[in-house]
Structures are given as structure tokens and as C-alpha cells.
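So you can see what is in the structure, the chains are spelled out below.
2 protein chains.
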Amino acid sequence: MGDNRKPQRQERRRFLTVYGRNAVLEALEDPEMDCRILHLAKSNRSGGVVKEIQRAAQSRGLDYREHSREELARISRNGRQDQGVALDVYCPAMRELDDYLTTLNIHSDAPQRLLALDGVTNPQNMGMVIRSAAAAGVTAVLYADRGNPALGPLVIKASAGTVFRAPLLRCQSITQASKALCDSGFELYRMQAKGSRSLFDGQGFSSRALFVLGGESHGISKELSELPGENLSIPMQNGVESLNVAVSGALVAYIASTGN
Amino acid sequence: MGDNRKPQRQERRRFLTVYGRNAVLEALEDPEMDCRILHLAKSNRSGGVVKEIQRAAQSRGLDYREHSREELARISRNGRQDQGVALDVYCPAMRELDDYLTTLNIHSDAPQRLLALDGVTNPQNMGMVIRSAAAAGVTAVLYADRGNPALGPLVIKASAGTVFRAPLLRCQSITQASKALCDSGFELYRMQAKGSRSLFDGQGFSSRALFVLGGESHGISKELSELPGENLSIPMQNGVESLNVAVSGALVAYIASTGN
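Chains as they are written, first to last, in this note's numbering: chain H, 876 to 1135; chain E, 876 to 1135.
No wet-lab data here; the hints were simulated from the structure. It is possible that part of the hints are untrue.
[Claimed, not checked] Capping the alpha-carbon separation at 27 Å, the derived lysine-lysine pairs in DSSO-like fashion look like this:
1) H:Lys1032 with E:Lys1032
2) H:Lys1097 with H:Lys1032
3) E:Lys917 with H:Lys1032
4) E:Lys1097 with E:Lys1054
5) E:Lys1032 with H:Lys1069
[To be verified] Heads up, incomplete: computed chain E residues facing chain H, CB under 7 Å, no partners named:
6) Ser1007
7) Ala1009
8) Thr1037
9) Gln1067
10) Gly1114
11) Val1115
12) Asn1119
13) Leu1126
14) Thr1133
Glycine included, C-beta positions come from ideal geometry on N, C-alpha and C.
Start from the sequences, fold in the hints, and give me the full structure.
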């Protein structure tokens, strides 16, 4: 196949690459997944799961491409765990932040509710927050190439598969993205243990709101703390000092979306 | 030591028994833990961690008792993993449901917000819900001897240690407890995917409210579904079909407590 079949960079960023034999087979067998290109290592022995994968692809009318082990590792970005199999899945709700900002009408009053995880490196937490945020109906979750865990099997599993249809805005880093959003009229709400305002005070939020949660160990970065914005807290009793970030993320997502 | 030193049954139920060398040492070194009795197997070789444990107990002025391996296994209730070490920790906020109901003033208007997990068997989820519920300030979480996971190391870890100070009401089963609470004027709110009312509708709840969440695989039991009560749902968008029970539990706990 010629190079002209390759999605352009912008388009490529709307794909997630699933790897590993069981994960790929599961994706192919899920009618809700928009599977596009199956990649196989030439070195795969045919038969067994590989045969099942090829059959599942065929029954979807999906072609496959063969690659050397090295080429496949570049595609899966995880040569150690791809087991010679990778699959590009199209994620209709995944966009570039730049693209989102370009099409966001300057005069639009439609409430925008964005969620960002600053320095959250635990894939389980990332996946759980994506699932809750998608369920809550936030506008989107920022997903940073640097600082967030790769959208690999652990994130996919913890998200219960919702990552493929969740509204995600891809960006380079949460700091850069936050600055760009502030420049576009977004109010920054930082979740802090000692925030001046309670998330539950019912006072509402700016029409364009970006909620940022800090990572498991270091909280919100110094750079983000210095940007203009408000600090929100989740009140805690019984001497509890913190909540799991997946829990905080769900509370923020639902309170932000339901307008409570 | 004579039998008269043994806490009575009612009192005993206010203790959690921590086991395993590292868990016990950690508990002894935590000034916030009310450690009462250290149990050691006679067969333990002295030195190493056991020596550290004895030293930590001594610096608290805590005595220890020696037992046969078999006796210790009865105390820890987990002979496979206790490593010859167990520790009774007093949990001031843990009570029997019967005791709570006896002292609950019939005419009291103070809002009661109870949370129950029906058939939730995953210790991580149990621990995370206890942590969130304690933080939210619910009146108490029901903890059933049958149907909930043992309050062992996995629950303690997932609760980030809050299980020792969380308000817990011990009962035999969630079904029995729910019936007893209904008899005491509690309204039962069942969390169901197809509830008739949204958790977020802002309409408030009965002054005495028991919120029940179903287990990971089977949801709320048939028996509980047939009790009088209301079905509440958490609205979900983007095709998400369910939330992690730890996430639902946190949402319920905070919405119930903050009165949103």
C-alpha cells in the first residue's frame, strides 16, 4: 500500500494503537470499536490466536499489513509486550487541543468543562478518571504526551474500554495547555487540599472552566500554581487527609457537569 | 492473664486485628493508632523484624502475649499470612448496628446518612469507599460479616489506613441490616442503573437515609430490591454503562453529606 494511505499527522493523533494478542482480538470482536488497520509481525507463527485474529479481521472486512519485528515495535511503541500484533483504532471523540481551540467560537456561551490531570502517572487512575469524566459528560479530558501515562493496556482496562469513545484533547503538556486555555478565556480551577473555596459550595463556575487535579505524590506543579486561577478544595472529615485521585476526578467531573 | 482481661464480645467487635510483620510494625509506629494487644507466635525466631516489633511495642508501653501457631492463627484469622504476628487495634468509631439503633433517639431530627455495599467483594473497592465515605462525613458505613470482604490488609491499604478511624456499623448481613433500618424509619435509596430519580436532582433526601450500592457483578440483591424504597441513578453519557463502585460510592457519600 502506498504512503498516501497513511493518515496525516493530525489524523494519526485520532488513533489509539492497541497491542498484544488478547487485547487486539477483544477489540476486533467488539462491534463498537472502529478498527482500521491490523499490523502483524512477519515472524508470527500462524495458527492459534494469530489465526483467530486474522479471522476476526477478515469478518470485519479489515486488511492487515505485515512488518518486521522492529517496524512493528515502532508502531506499537512497546516491542516488549506487543506479541507481534498491533491494531489502529479510530477514536471519534479524540482531538488535538489546538484544533479544539481553533473551532471554539470566541463568542460562544456554551459551557466548556475541561478536566486535566497534572503529573498523574498511575495508569489505573488515568483510566478511571477518563471513564468517570466521559460518564459525567465533561466537554473533554486533556491528555498530555508528556506527564500522563501512555494510553496503553492498563489505562484501557481501568477505563473499562471507554477511552476509545471518551472526549480527549491531546496536547504536549498540561502546563502548556493550561496557558493556552487561559489565553482563550478559560478560568483555571486548581484542586488543592487548602483551596479557598469548596467544590460543593453551589456557587457555580465560569462558563469556560478548566479543572486541574494534581498527581499522586507531588500535587499540582509549581508552574501551574503560579498561573491566575482559583483554588478549590474537597472538604474532608474524620481526619482523612486526601482522596484517591480517581475519586477526586469523578467528584469534580460530576459537580462540574451537573452544575451542582 | 485471666479471662477477665478479655474484652467482652460487644467490645471485641470494636477491634480490628492487623497481622503480618510489616503491617503490625507500621501500626505500632503510627502514633494515631490505638494499639492494645500484641500477639506473637512462640515459634517466631527472635531478631530481625520481630525484634523491631517488640521494641516498638515496648516504647508504647504495650505488653505482648505469646501463643502457639494454632492459637495465633485463630486470633489473626489468617494463619497463612500472619507471619506469627497479630495486633489488636481499637477503632473508636466502630460500633454494632444494634447498639447504634438502641441509642438513636426516636424523635431525633439529626440527619442520618448511612452507606451500605451489598455484595461488594472486592477489598480495594471496599477500602476506597470507606476512605471516601469517612472523608465525606457520612454518619456511618455498614460493614457486614457476611457479604463484605474481611477488613484485612487489602482493605486497610486501599482505605489508606482510614478504616481504623472511619465510622463503621457492624452487622451480620446488609439485607438484615436494611430491614432493621427500615423499621427504624430509614428511607432506602438503592443505586440502580435505571433509577427513577437522579442522585443529582437536588431534591434532598429523607432525614434518615440509607444508600445501598450493589456489587461489581450482580448488582443489588433480589431481597433488597423488593424492600420499599426509592431507586436512584447516576446519569451517564457517552455510552458509558457503569461506574466503578468506588467511584459511585464516593459520589453518593459526598452528595448525601453535602446536601447538594
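Would the hint on Asn1119 of chain E stand, with a C-beta cut-off of 7 Å toward chain H? Given a least distance of 6 Å, the restraint on Asn1119 of chain E holds.
Does the alpha-carbon distance linking Lys917 of chain E and Lys1032 of chain H stay inside the 27 Å limit? violated (45 Å)
Given the hinted pair Lys1032 of chain H and Lys1032 of chain E, is their Cα-Cα distance within 27 Å? holds (22 Å)
Closest C-beta approach of Val1115 of chain E to chain H relative to 7 Å, hint status: Hint holds; Val1115 of chain E Cβ to chain H Cβ min 4 Å, cut 7 Å.
CA of Lys1032 of chain E to CA of Lys1069 of chain H, is that 27 Å or under? holds (25 Å)
For the pair supplied as a hint, Lys1097 of chain H and Lys1032 of chain H, confirm whether the alpha-carbon distance does not exceed 27 Å. Judged against 27 Å, a Cα distance of about 31 Å means the pair is violated.
Answer holds if the nearest beta-carbon of chain H is closer than 7 Å to that of Thr1037 of chain E; otherwise answer violated. holds (5 Å)
Please verify that hint: Leu1126 of chain E, Cβ, nearest Cβ of chain H, below 7 Å or not. Interface hint status for Leu1126 of chain E: holds (6 Å vs cutoff 7 Å).
Close enough to count: is the Cβ of Gln1067 of chain E nearer than 7 Å to one in chain H? violated (15 Å)
Hint Ser1007 of chain E vs chain H: min CB-CB distance below 7 Å? Holds, about 5 Å.
Take the C-alpha atoms of Lys1097 of chain E and Lys1054 of chain E, compute the straight-line distance between them, and say whether it is at most 27 Å. Holds: Lys1097 of chain E and Lys1054 of chain E sit about 13 Å apart, inside 27 Å.
Does the closest beta carbon of chain H sit nearer than 7 Å to the beta carbon of Gly1114 of chain E? holds (6 Å)
Consistency with the previously given hints fails for numbers 2, 3 and 9, ordered from lowest to highest.
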